[in-house]
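Asks: Once you've looked at the hints, dock chains B, C and D against the given chain A.
There are 4 protein chains.
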Amino acid sequence: MTPERDSRPSAFRWPVRVYYEDTDAGGIVYYANYLKFMERARTEWLRAMGVDVNEWALRTGQGFVVRSAHLNFIKPGYLGDELLVSVEPTVQKKASVTVFQRVSNGSEALCEGEIRLAFVELKTMRPRALPEFMI
Amino acid sequence: MTPERDSRPSAFRWPVRVYYEDTDAGGIVYYANYLKFMERARTEWLRAMGVDVNEWALRTGQGFVVRSAHLNFIKPGYLGDELLVSVEPTVQKKASVTVFQRVSNGSEALCEGEIRLAFVELKTMRPRALPEFMI
Amino acid sequence: MTPERDSRPSAFRWPVRVYYEDTDAGGIVYYANYLKFMERARTEWLRAMGVDVNEWALRTGQGFVVRSAHLNFIKPGYLGDELLVSVEPTVQKKASVTVFQRVSNGSEALCEGEIRLAFVELKTMRPRALPEFMI
Amino acid sequence: MTPERDSRPSAFRWPVRVYYEDTDAGGIVYYANYLKFMERARTEWLRAMGVDVNEWALRTGQGFVVRSAHLNFIKPGYLGDELLVSVEPTVQKKASVTVFQRVSNGSEALCEGEIRLAFVELKTMRPRALPEFMI
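Chains as they are written, first to last, in the working numbering: chain A, 123 to 257; chain B, 123 to 257; chain C, 123 to 257; chain D, 123 to 257.
Excised from the complex, chain A in its bound form (with noise of 0.2 Å):
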């Protein structure tokens, strides 16, 4: 997870506002809510590629879980930063795809994470070929 990873103009970035809500009584944004920001961010960018992940799921019966997140923390995040969440494909399989996420504020990254998606059958959660609109 190397710094130019995400620098490339290609990798989708979503703003993420740092509220009370995402903070600690350390004073920094608390570690499970760089999660919540990744998924916000990645909601966004299926939606920048047309499609609602809600809608789908429901007229599909399909849609993407996470098998696996690797995350590193690297700088704390303070009430009130605006950061940027990247979403950025790295690798992608028949059912599956990964991403690199990283969350920065300005060009300090704070928090780089590769998140492993599988595609599913949400009732039986048995995986299905990737849909048209990743590939």
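Calculated from the structure, these hints are not laboratory results.
Among the hints, erroneous ones may be present.
Note that identical chains are pooled: a pair holds if it fits in a single copy or bridges any two copies.
In the DSSO-like style, the derived pairs of lysine-lysine whose C-alpha atoms are separated by at most 27 Å in a straight line are [unchecked claim]:
1. K215 / K197
2. K216 / K197
3. K197 / K245
4. K216 / K245
5. K245 / K215
Replies: Same frame as chain A, but now just chains B, C and D:
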């Protein structure tokens, strides 16, 4: 909402420990989290009456929804505090029940609330008569 | 809390998208999260008046704390909804202000609340006169 | 991360009940909340060693920060589940410790993670040698 209100031995009480996840950058328990603590206590209060909320909903399609919450924030809670959350029914109607709840640290009340719960058909949100175990 | 209350053009409004993090197993927005949405809107309302809550607290040692919240839960919100959260001051006293807030989906009110904010010395929690920008 | 890993009797375990607040509209435990559960267990693991994290931080200005988290999401958790969260130190260095954590429902692992904790001077975030009680 007077201090005497849940001093009755009959009031159900449930312990809640304050972790980092519950606090904010002000160094205190984040205000919305008292609603989480109160719901935990209500769930355990029903469990103590022999009712598993989730199993009940799946079996009967009926359950409680919160209609209103009147909260007073009296004193802050802090990281590491071991709090007690009480539940005490105050008003019972045909299809709803109001409970008084207090979150305390020892003898000090931190947050008090009156929560009105309607009993409904979960799919339609139509009111239903309170189940036997509530009467 | 009538529907007309924040229909005034003067009411501040802030958009909030509903993500998975905001919902619960009932398939709807978890009730405590309306307090999060309301705080986001209050923060942005103050920012629109030129006040950064966090910077203000650090510089002056003073800030708002929530003293009470009276919430009515009217209709459920759902995953993917784009909500609007209004802020409208209703009662102003020497050291506190009450705001009426509504979370709506289009023309439908989902949750309404009256939130009383006290202005305090943050270390001692002693009341302080409202700052100029609030008057 | 094999199933045998925390089957050792020595592994610390902490129970966590799944409430509405922990679930999402998919009907399952929201993925970020496993990090909350893991932190609760780590806090109680330290408390079982006689260390109150908060009191320690206030007294010494030192404490743990999470540097990385590698999580595998294996099976979903559901509303009402009573889970067990284990903590087992795996790698110990001069200024950091890695713990393996598993969230299980009975004999089924739901989520496993390796969490690297650095011991730091909290103001400067500079590494400090692990305290005696960790060695």
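Asks: Against this structure, judge whether each hint is valid.
Replies: Consistency of the hints with the structure:
In the homo-oligomer, the alpha carbons of K215 and K197 lie at most 27 Å apart only across protomers (21 Å), although the nearest pairing inside one protomer, at 32 Å, exceeds that limit. In this assembly of identical chains, the alpha carbons of K216 and K197 lie at most 27 Å apart only when taken from different copies (21 Å versus 35 Å within one copy). In the homo-oligomer, the alpha carbons of K197 and K245 lie at most 27 Å apart only across protomers (13 Å), although the nearest pairing inside one protomer, at 39 Å, exceeds that limit. In this homomeric assembly, K216 and K245 come within 27 Å of each other (Cα to Cα) only inside a single copy, at 19 Å, whereas the closest approach across copies is 37 Å.
Proximity of K245 to K215 under the C-alpha cut-off of 27 Å is restricted to the intra-copy arrangement: shortest distance 21 Å within a copy versus 38 Å between copies.
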